[in-house]
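Visitor: Next come the chains, spelled out residue by residue.
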Amino acid sequence: MAIQTETLARVAERPRRPFSLSSWADRGTVFSWLMMAPPILFILAFVGYPFCYGIWLSLESRPVAQPGTFVGLANFIKDAHDPVFWQVVRNTFVYTGIATLLKMVGGLGLALAMNQDFKLKNVIRALLLLPFIVPTVLSTVAFMWMLDPAFSVVNRVLIGLGLPKPGPSWLGSPILAMFSIIMINTWRGLPFYGISLLAGLQTVPVELYEAATIDGASGWQRFRFVTLPLLQPIILIVTLFSVIFTFADFQLVYVLTHGGPQNATNLLATYAFDIGMGSGQLGLGASVALTMLPALALLIVGITLYLRKKS
Amino acid sequence: MITGYGPIQRTVRVWLPVLFFLVVALLPFYWMAITSIKPNSELYSMRANPLLVHAPTLKHYVDLLTTTSFLLWTWNTMLVAVISTAISLVLGIMLAYPLARINFPGAGLLAISVAAVYLVPQPLLFIPLADVINRLDLGNTLTSVILTYPTMLVPFCAWLLLGYFKTVPMELEEAARIDGASRFQTMRRIFLPLCTPGFISAGIFAFTLAQNEFLYALIFLTKSTVRTVPVGVISELIKGDVFYWGQLMAAALLGSVPVAIIYSFFVEHYVSGLTSGAVKG
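Line by line, the protein sequences are chains R and S.
Every letter in the first sequence is one number past the one before it in our numbering, and letter 86, counting from 1, is 86.
Every letter in the second sequence is one number past the one before it in our numbering, and letter 11, counting from 1, is 322.
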């Protein structure tokens, strides 16, 4: 006997459950969005909105505590004609470039030094990370004291070693002040590099080194042709992170030199602060801060694309 | 490993670089500590050997704790760091869980956006945020920083947890779902208890970042009673050109101690979080 298709179809049809709120909320997409709504709204309110508002502010002449007037690109044109602005841009690039390079080379050295067998390794690793975890402002105050014009311990040691008195003025001369902030930024950021690269080093299979040694590779060749290529992805990502946060650095310079002497160490972030908060020109300050955006956007897009490829 | 070196050469090769990095990393802390226990007569004397202390004293610590608001600042800092870390962990979990465990349209794009938001540095936002805080009438309240710190901590926690959540196998949750548990029950009862190590890592990071924060606190908190340690030290212990170096160093050391203690307890979590890829440098 042939079964009629209609009967079959009727049997296969599931009885519709009555709509209930809890089963609706349990559907994957609905549950996800319900769950994510509070954090997303929070981010939109306190990151998204200020970001857009900052762009709007940069197009206004807006003295603090007064209503603003729309001035178009006038703030950016003013920046472009401001010699200090260009000095600050140059400082920011010099600072970021040299500090990143030093952290990269030093971090690699630290990672290689730590990637050997010795006692108390975990304790030493923990101690080496201290500069990175201690609040920047507080360690910077210590450096301020170490480089004090009258009582600098660095100078007293140097003079003890035979340098003429009174020794270099670390924060008083433009070039030395830039040198000092770069060295202190490196001091603080190097452990992050080193420990991240160390983790990368530890994933390199020992067999590769053994094979290279059997093939007659020297120590340098093993480093150049085995270690470095395998570390490349981690070096890249750590560098991108480091560049972003060095490029937008504020604390260290604000505390140590306030951008001086004669703007020699002023960076985009500290200059935007001077104009926006110091002289209360919110619009102009916002325009200075926004000039960081193109370079940052490039880096951020670079990182996110890279992370996407990796995942 | 194949090493063709004798024991002495080996010691030199291994320890010399390690000691070099160790000395560079710790010298400023040594200097902080030794300055904080020197009497003023030694601090500002050009004759005494600066690297040693001859007549140690706790005077600077006593002065710091009795004549300044340092203890209040410490309390403020702790309060702000703990609350903003807690908020950020909860919001971070709410963001990361669906992104890591549920397949829904747009999840990939959203995960990438979280990473992008995390990378937006504070200097890009502080001027408009200052205006927002003003309009909300939150200037000089701890609420201002408790609300704004999570702007950097939420994306950060979410990103860190996202990576962690992805490493947990799916089977337990699938079993719970088959047994009839709702998605929320599955997450709360089955999944989250498995992820405590991830929460500890994210929590310590968020806590250290909150303790370290300076820019927002500098702008929003201008009254001594609401200041955090970094801002209080910079604004009140440095008075014009007169420096109280002994007190300053005592403050720097004491301000670093809470972070260092928490860090030392969870250093393994910290390192594993650090090396999983996404930390501000």
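Derived by calculation from the structure, the hints in this document are not laboratory data.
Some hints here could point you the wrong way.
To be verified - Below 35 Å or equal to it, Euclidean Cα-Cα: the simulated DSBU-like pairs (lysine-lysine) are:
#, chain 1, residue 1, chain 2, residue 2
1, R, Lys165, S, Lys477
2, S, Lys550, R, Lys121
3, S, Lys534, R, Lys309
4, S, Lys550, S, Lys534
5, R, Lys78, S, Lys477
6, S, Lys477, S, Lys370
7, S, Lys370, S, Lys550
8, S, Lys370, R, Lys165
Visitor: Is the Cα-Cα distance between Lys534 (chain S) and Lys309 (chain R) 35 Å or less?
Guide: Since the Cα atoms of Lys534 (chain S) and Lys309 (chain R) sit roughly 48 Å apart, the hinted pair is violated (cutoff 35 Å).
Visitor: Would the hint linking Lys477 (chain S) and Lys370 (chain S) be met if the CA-CA limit is 35 Å?
Guide: violated (53 Å)
Visitor: For Lys550 (chain S) and Lys121 (chain R), compute the direct alpha-carbon distance and say whether it is at most 35 Å.
Guide: violated (42 Å)
Visitor: Against the 35 Å threshold, does the CA-CA distance of Lys165 (chain R) and Lys477 (chain S) hold or violate the hint?
Guide: violated (60 Å)
Visitor: For the pair we were handed, Lys550 (chain S) and Lys534 (chain S), check the Cα-Cα distance against 35 Å.
Guide: holds (15 Å)
Visitor: Is Lys370 (chain S) within 35 Å of Lys165 (chain R), Cα to Cα?
Guide: Status holds; Cα separation ~32 Å.
Visitor: Would the pair Lys370 (chain S) and Lys550 (chain S) pass a check requiring their Cα atoms to be no farther apart than 35 Å?
Guide: Satisfied, since the Cα-Cα distance of roughly 19 Å is no more than 35 Å.
Visitor: Taking 35 Å as the top limit, are the C-alpha atoms of Lys78 (chain R) and Lys477 (chain S) close enough?
Guide: violated (49 Å)
Hint compliance for this structure: hints 1, 2, 3, 5 and 6 are broken, all remaining hints hold.
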